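**Student:** As a plain string of letters, each chain reads:
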Amino acid sequence: MKRLLGVALGVLTAIGGFVDIGDLVTNAVVGSRFGLSLVWVVATGVVGICVFANMSGRVAAASGRATFEVIRERLGPRAGLANLAASFLINLMTVTAELGGIALALQLASSVQYLLWVPVAVVAVWLVIWRVRFSIMENVTGLLGLTLIVFAVALFLLKPDWGSLGAQVLAPSIPEQETAASYWYYAVALFGAAMTPYEVFFFSSGAVEEGWSIKDLAQSRINVLVGFPLGGLLSVSIAACAAVVLLPAGIAVTSLSQVILPVAEAAGKVGLAFVLVGIVAATFGAALETTLSSGYTLAQFFGWSWGKFRRPAQAARFHLSMIICLLIGGAVLATGVDPVLVTEYSVVFSAIALPLTYLPILIVANDPQYMGEHVNGRPVNMVAMIYLVIILAASLAAIPLMIVTGAGS
Amino acid sequence: MKTARQPKYLRTPGRTLDAQLHLLDRQVLDVDGVPVTTVDDIEISAPPPETPIPAGTPAPTLTALLTGPVLGTRIFGGRPPSSRLIRIPWRDVADVGVVIRLGVRGEPLDADWVERWIRDKIIARIPGGRHDPR
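So the protein sequences, as listed, match chains C and R.
Under numbering that gives the first Met the number 0, the first residue of the first sequence carries the number 0, and numbering increases by one thereafter.
Under numbering that gives the first Met the number 0, the first residue of the second sequence carries the number 0, and numbering increases by one thereafter.
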């Protein structure tokens, strides 16, 4: 019974924790401009993150080594440092986007200017990282994030023409008012949002934080294989809501208030309350995860003592670096830069950086010195190789597409 | 007692360590499993450069794991003065596996001085800095 509860809790937090500001904004933008014609990208991304999150969890459980220790060992100091610089900067951008997301959601809830909420968000995120136990942090934000299911409920309440929605999914075509280049630009962005590298840093470091052994892998596999696809379905329902309400009205999403507009229309004030709680929880949870990830990557590269399971004083450089990251994120937002814009760029840059994270994991997951008998099986390797090709293609296409489309505008 | 402190590979005959593959860029843990640093470089006992080596000289031995600013010179080239190197003597190494384990505590080592400084001057002074999260 207790085991079953543990599995249920794990799956629920995986669903609630799947969506972050990148998924919210990108899915809504895509839904409002391209309908459901890019759902196949979300599906591809979800399968990919399942494969690689599982793999990095297995590496962490079998060898006790988290992702970035492995990256430096395999790539050496030079390529490792270049990788760290890229991954860390993109992660910092994601931290900034998530902090902005919290502030924007609180603005929608309170009508107080979001810039005033930024310092509140920074301090709140820091306090949780400083004081709260890892498992409680994960479970609370994950479960509260589940209120985003209101997007799926709203979709039903909107009574859409299911036939035409289904046709958009199954026979994707580029809407006539959009160019092929911007279609593919947003395909790359959606892929980046679904497969954000920080999820892998976080997942493998979390496995070390919670002291996983090989025995715990069965449960983590269920969490990932059930929770992430359902989380992906949640992403799709965000896009679908936008496709049903905003696309016909000709509203292209540029702000968070437009993201939640369909829910307000379908489910009224109650729906609005749910969606705001959900967005604050999802962005807050993701802000915690990305901030921790920036500490993890630095600490693992340089070999510092790290982890929330230690007292802050026993992981001093780890905690100091996270404080600095939060301050930088807050400072960037204080310049008045649009958090939604930061988000849109962060998912595209994530797509560019994907191979940097996923290739070293794949190499180590095949190394018996680390993995013993738990090296990748042949089917996993085949799928992973296919994904490596997709990841590489998305990464190489991102910058040219960004230039050609003027970042999607 | 002396043998217990010797690296495991000396006690298991036939194991060859490859500096690149088994030592460099590996995580170093102390005797309690606390991360100390990553192996940024290694030091071997070699005669100064450009001195002739007479035949029959014994092969150089590994004397220390290095950390600190030496990472920069390893990436960008050059060599810091010997006095600037932060050494973990090879005799303190207890085991070489997917991590390198020391037979001593990391706390008093020179390799941990930045960690100690940041802890004592900053982190421990913030309220709750010594609070156990579990």
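Note that these hints are calculated values from the structure, not bench results.
Note that the structure is a prediction, hence the values are computed from the model and not measured.
It cannot be assumed that every hint is accurate.
What the hints assert, rightly or not - List of simulated lysine to any residue pairs, SDA-like, C-alpha gap at most 25 Å: (1) C:Lys158 x C:Lys214; (2) R:Lys120 x R:Ala63; (3) C:Lys158 x C:Ala263; (4) R:Lys120 x C:Val374; (5) R:Lys120 x C:Asp215; (6) R:Lys120 x C:Arg130; (7) R:Lys120 x C:Lys158; (8) R:Lys120 x C:Ala123; (9) R:Lys120 x C:Arg310; (10) R:Lys120 x C:Ala263; (11) C:Lys214 x R:Asp31; (12) R:Lys120 x C:Leu326; (13) C:Lys1 x R:Arg133; (14) C:Lys158 x R:Val33; (15) R:Lys120 x C:Leu319; (16) R:Lys120 x C:Ile322; (17) R:Lys120 x C:Arg309; (18) R:Lys120 x C:Lys1; (19) C:Lys214 x C:Gly371; (20) C:Lys1 x R:Pro132; (21) R:Lys120 x C:Val122; (22) C:Lys214 x R:Gly32; (23) C:Lys214 x R:Lys120; (24) R:Lys120 x C:Gly249; (25) C:Lys214 x R:Gly96; (26) C:Lys214 x C:His373.
What the hints assert, rightly or not - Listing some non-contacts, in silico: residues in chain R with all C-beta distances to chain C over 12 Å: (27) Ala45; (28) Pro46; (29) Pro57; (30) Pro59; (31) Ala63; (32) Gly71; (33) Ser81; (34) Arg86; (35) Trp89; (36) Pro107; (37) Ala110; (38) Arg118; (39) Ala123; (40) Pro126.
Where is the CB? At the ideal position from N, CA and C, for every residue including glycine.
**Student:** Each hint needs a verdict: does it hold in this structure or not?
**Tutor:** So, going through the hints one by one against the coordinates:
1. The straight-line distance between the Cα atoms of Lys158 (chain C) and Lys214 (chain C) is roughly 45 Å, outside the 25 Å bound, and the hint therefore fails.
2. Pair hint Lys120 (chain R) plus Ala63 (chain R) does not hold up; C-alpha atoms about 29 Å apart against a cutoff of 25 Å.
3. Under the criterion of a C-alpha separation no larger than 25 Å, the hint pairing Lys158 (chain C) with Ala263 (chain C) is consistent with the structure, at around 14 Å.
4. Distance hint between Lys120 (chain R) and Val374 (chain C) is unfulfilled; the C-alpha atoms sit about 44 Å from each other, more than 25 Å.
5. For the hint pairing Lys120 (chain R) with Asp215 (chain C), the CA-to-CA distance comes to about 39 Å; that exceeds 25 Å, so the pair is violated.
6. For the given pair, Lys120 (chain R) sits about 19 Å from Arg130 (chain C) by alpha-carbon distance, which is consistent with the 25 Å threshold.
7. Of the supplied pair hints, the one linking Lys120 (chain R) and Lys158 (chain C) is violated, its CA atoms being roughly 61 Å apart against a limit of 25 Å.
8. In summary, the hint linking Lys120 (chain R) to Ala123 (chain C) is supported, as the alpha carbons are separated by about 23 Å, within the 25 Å threshold.
9. This hinted pair checks out: Lys120 (chain R) and Arg310 (chain C) have alpha carbons roughly 16 Å apart, not beyond 25 Å.
10. A hinted pair counts as satisfied when its Cα atoms are at most 25 Å apart, and Lys120 (chain R) with Ala263 (chain C) does not qualify at roughly 50 Å.
11. At most 25 Å may separate the alpha-carbon atoms for a hinted pair to count; Lys214 (chain C) and Asp31 (chain R) meet this at roughly 24 Å.
12. At most 25 Å may separate the alpha-carbon atoms for a hinted pair to count; Lys120 (chain R) and Leu326 (chain C) meet this at roughly 19 Å.
13. Taking the CA atoms of Lys1 (chain C) and Arg133 (chain R), the gap is about 21 Å. The hint holds against a cut of 25 Å.
14. Taking the CA atoms of Lys158 (chain C) and Val33 (chain R), the gap is about 57 Å. The hint is violated against a cut of 25 Å.
15. A distance of roughly 11 Å separates the Cα atoms of Lys120 (chain R) and Leu319 (chain C); the hinted pair therefore holds under the 25 Å criterion.
16. Annotation: proposed proximity of Lys120 (chain R) to Ile322 (chain C) holds, straight-line Cα distance about 15 Å (limit 25 Å).
17. The suggested pairing of Lys120 (chain R) with Arg309 (chain C) holds, with an alpha-carbon distance near 18 Å, which does not exceed 25 Å.
18. Simply put, Lys120 (chain R) and Lys1 (chain C) have alpha-carbon atoms about 44 Å apart, too far for the 25 Å limit, and the pair is violated.
19. Between the alpha carbons of Lys214 (chain C) and Gly371 (chain C) the distance comes to roughly 15 Å, so the proposed pair stays at or under 25 Å and holds.
20. Proposed proximity of Lys1 (chain C) and Pro132 (chain R) is supported: the alpha carbons are some 24 Å apart, at most 25 Å.
21. For the suggested pair Lys120 (chain R) and Val122 (chain C), the alpha carbons sit about 21 Å apart, so the restraint of at most 25 Å is met.
22. Taking the CA atoms of Lys214 (chain C) and Gly32 (chain R), the gap is about 21 Å. The hint holds against a cut of 25 Å.
23. Pair hint Lys214 (chain C) plus Lys120 (chain R) does not hold up; C-alpha atoms about 41 Å apart against a cutoff of 25 Å.
24. At most 25 Å may separate the alpha-carbon atoms for a hinted pair to count; Lys120 (chain R) and Gly249 (chain C) exceed this at roughly 57 Å.
25. At most 25 Å may separate the alpha-carbon atoms for a hinted pair to count; Lys214 (chain C) and Gly96 (chain R) meet this at roughly 22 Å.
26. Taking the CA atoms of Lys214 (chain C) and His373 (chain C), the gap is near 12 Å; set against the 25 Å cutoff, the hint holds.
27. No Cβ of chain C approaches the Cβ of Ala45 (chain R) within 12 Å, the least distance being about 21 Å, so the stated non-interface status holds.
28. The claim that Pro46 (chain R) lies off the interface holds: its Cβ sits roughly 26 Å from the closest Cβ of chain C, which is beyond the 12 Å cut-off.
29. Pro57 (chain R), annotated as away from the interface, keeps every beta carbon of chain C farther than 12 Å; the closest lies near 30 Å.
30. Listed as outside the interface, Pro59 (chain R) is consistent with that label: its C-beta sits roughly 22 Å from the nearest C-beta of chain C, beyond the 12 Å cut-off.
31. For Ala63 (chain R), the non-interface assignment is confirmed: its Cβ lies about 16 Å from the closest Cβ of chain C, beyond the 12 Å cut-off.
32. Remark: the non-interface label on Gly71 (chain R) conflicts with the geometry, its nearest Cβ contact in chain C lying 9 Å away (cut-off 12 Å).
33. A cut-off of 12 Å between C-beta atoms confirms that Ser81 (chain R) is not in contact with chain C; the least separation is 20 Å.
34. Against chain C, the non-interface label of Arg86 (chain R) holds: every CB pair exceeds 12 Å, the least being about 15 Å.
35. Against chain C, the non-interface label of Trp89 (chain R) holds: every CB pair exceeds 12 Å, the least being about 17 Å.
36. Distance check for Pro107 (chain R) against chain C: the nearest CB is about 15 Å away, which clears 12 Å, and the non-interface claim stands.
37. Non-interface status of Ala110 (chain R) relative to chain C is broken: a Cβ of that chain comes within 12 Å, the nearest being about 9 Å off.
38. Arg118 (chain R), annotated as away from the interface, has a beta carbon of chain C within 12 Å; the closest lies near 4 Å.
39. Remark: the non-interface label on Ala123 (chain R) conflicts with the geometry, its nearest Cβ contact in chain C lying 5 Å away (cut-off 12 Å).
40. For Pro126 (chain R), the shortest C-beta to C-beta distance to chain C comes to about 9 Å, within the 12 Å cut-off, and the non-interface label is violated.
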